[in-house]
Each structure stands twice: as C-alpha cells, then as structure tokens.
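Model the placement of chain B on the given structure of chain A, informed by the hints.
Chain by chain, the residues run as shown.
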Amino acid sequence: AAGVIQSPRHLIKEKRETATLKCYPIPRHDTVYWYQQGPGQDPQFLISFYEKMQSDKGSIPDRFSAQQFSDYHSELNMSSLELGDSALYFCASSTRTDTQYFGPGTRLTVL
Amino acid sequence: AQKVTQAQTEISVVEKEDVTLDCVYETRDTTYYLFWYKQPPSGELVFLIRRNSFDEQNEISGRYSWNFQKSTSSFNFTITASQVVDSAVYFCALSDLNQAGTALIFGKGTTLSVSS
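Those protein sequences? They're chains A and B, same order as listed. Under our numbering, the first residue of the first sequence is numbered 1, with each subsequent residue one higher. Under our numbering, the first residue of the second sequence is numbered 1001, with each subsequent residue one higher.
Think of the hints as simulated: they come from the structure by calculation, not from any bench. Any given hint could turn out to be false.
Stated by the list, open to error - In silico DSSO-like links for lysine-lysine, alpha-carbon gap of 27 Å or less:
#  : chain 1 : residue 1 : chain 2 : residue 2
1  : B       : Lys1038   : B       : Lys1003
2  : A       : Lys15     : A       : Lys57
3  : B       : Lys1070   : B       : Lys1003
4  : B       : Lys1038   : B       : Lys1108
5  : B       : Lys1070   : B       : Lys1038
6  : B       : Lys1038   : A       : Lys22
7  : B       : Lys1016   : B       : Lys1108
8  : B       : Lys1003   : B       : Lys1108
9  : B       : Lys1108   : B       : Lys1070
10 : B       : Lys1038   : A       : Lys57
11 : A       : Lys57     : B       : Lys1003
12 : A       : Lys57     : B       : Lys1108
Since the model is a prediction, treat every value here as computed from it, not as a measurement.
Isolated chain A, as found in the complex:
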C-alpha cells in the first residue's frame, strides 16, 4: 500500500538559512499534519490542514509557515533557522478524523 512520502529525508543547513520540507499524503487522504520530534522527545504537533485550509495549530514558531496545495501535498517552510530547530520532522496524513499515518520523517540538522 502507498505510504506518506517526505522529501528530503536528510537536510543540513547553516544557522539563519531557510529550509523547505515536502510531504505527499497517502492517495485520497485529505488531511495533513506536521510534527517535530527532538532527540529523546515525543512528537510535538505543529500544524494541520484539512481540504487545503488550516485546521489546527500547535506550537509552531512564527518563523515557520506551511500550506496544503490543490493536489493535497504540503510544504513546511522554515526561515532564520536556529540550532534548536534540529529535529526529526514528521508529516502524517488521514481522511478527516481517521487514523494518522506517518511518513518516514525528514532529519534536519542546523549547524
């Protein structure tokens, strides 16, 4: 079965640079979520979209923005990167309130 696709899988950036993470949901899933997981931490919710509209918002920094496009893929844009942004970023998808299935994650390292 098709899974959630995330790209890139690994990303290395310098402080103050910009990064864009991409997420392609499971076909026919209309809801996308973004989570951030620091080392040894549980995943923390950032933001979600349902039918291309923002649905819920967590502790997402103002330096981050995201959107869901007409083909349901989503992008997380991160600017003015800080050392503390180094983490594993997960995208998940679902149909409405159904089970969230996670992608393999993007490991971001900020130097």
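Chain B alone, transformed into the frame defined by chain A:
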C-alpha cells in the same frame, strides 16, 4: 486539557517474557480516539492500534493485546512472549474524534529493550 501519561520511561526484559506498557489519559471530551504507535531504532512511527472512546472491547492481534478501561482512564498494551524485534519506543496518544485535523497528543513514550 488533554494529557497522556506513560509512567514507565524504560523497561528491559529478556526474550519470551511478557511485558505490559501502561498508558493513562486525561480528557474532558466524551468522544475521543486512543492510539499506540511504535518507533523502532530506524525512526519511523508505525501505527499499531486505534480505539474509539465508546468501544471498550479489548483487542488481541497476534502477540499484542490492548486493555481499554474508561473507569480508570487507561489503555494498556501487553506484548506476550517478547522478541528482540519488539525493541522500540512505544507511544500512547489521544485525539478528538470530532474535528478533522485535530492533533495527536502523545505521551512521553516507553523505551522497551528486549535482550536475547
């Protein structure tokens, strides 16, 4: 506010032992979902099970079983005859049943180490 507590930070067992991972949750919602996810050393988050708040039936899937008790706000997970491949971090999570795009609230996770 919603909260998930996994009091066991780390558990170590020897292969073939049974092990139970505890999960206690708090919510004011009357309808909600409870989940267990597995995160092996490779890092991905793997869905294991979902229960609705109005369905307290216990579930068994192979060596895995889940005990949901609303009276004690608990959703415990038991692995029977553990294997080395069960070594992972296990997260219990909670979400609202009614709104699309609602966040998963995760517990801190329990790291299970199974040795041979």
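Taking the hints in turn, this is what the structure says about them:
1. B/Lys1038 to B/Lys1003: Roughly 19 Å separates the two Cα atoms, so the pair holds.
2. A/Lys15 to A/Lys57: holds, 25 Å
3. B/Lys1070 to B/Lys1003: holds, 15 Å
4. B/Lys1038 to B/Lys1108: Holds. B/Lys1038 to B/Lys1108 sits at ~12 Å (cutoff 27 Å).
5. B/Lys1070 to B/Lys1038: holds, 23 Å
6. B/Lys1038 to A/Lys22: holds, 23 Å
7. B/Lys1016 to B/Lys1108: holds, 26 Å
8. B/Lys1003 to B/Lys1108: The hint holds at about 10 Å.
9. B/Lys1108 to B/Lys1070: This hinted pair holds, its Cα atoms lying about 21 Å apart.
10. B/Lys1038 to A/Lys57: OK: B/Lys1038 and A/Lys57 at ~24 Å, within 27 Å.
11. A/Lys57 to B/Lys1003: Judged against 27 Å, a Cα distance of about 17 Å means the pair holds.
12. A/Lys57 to B/Lys1108: holds, 20 Å
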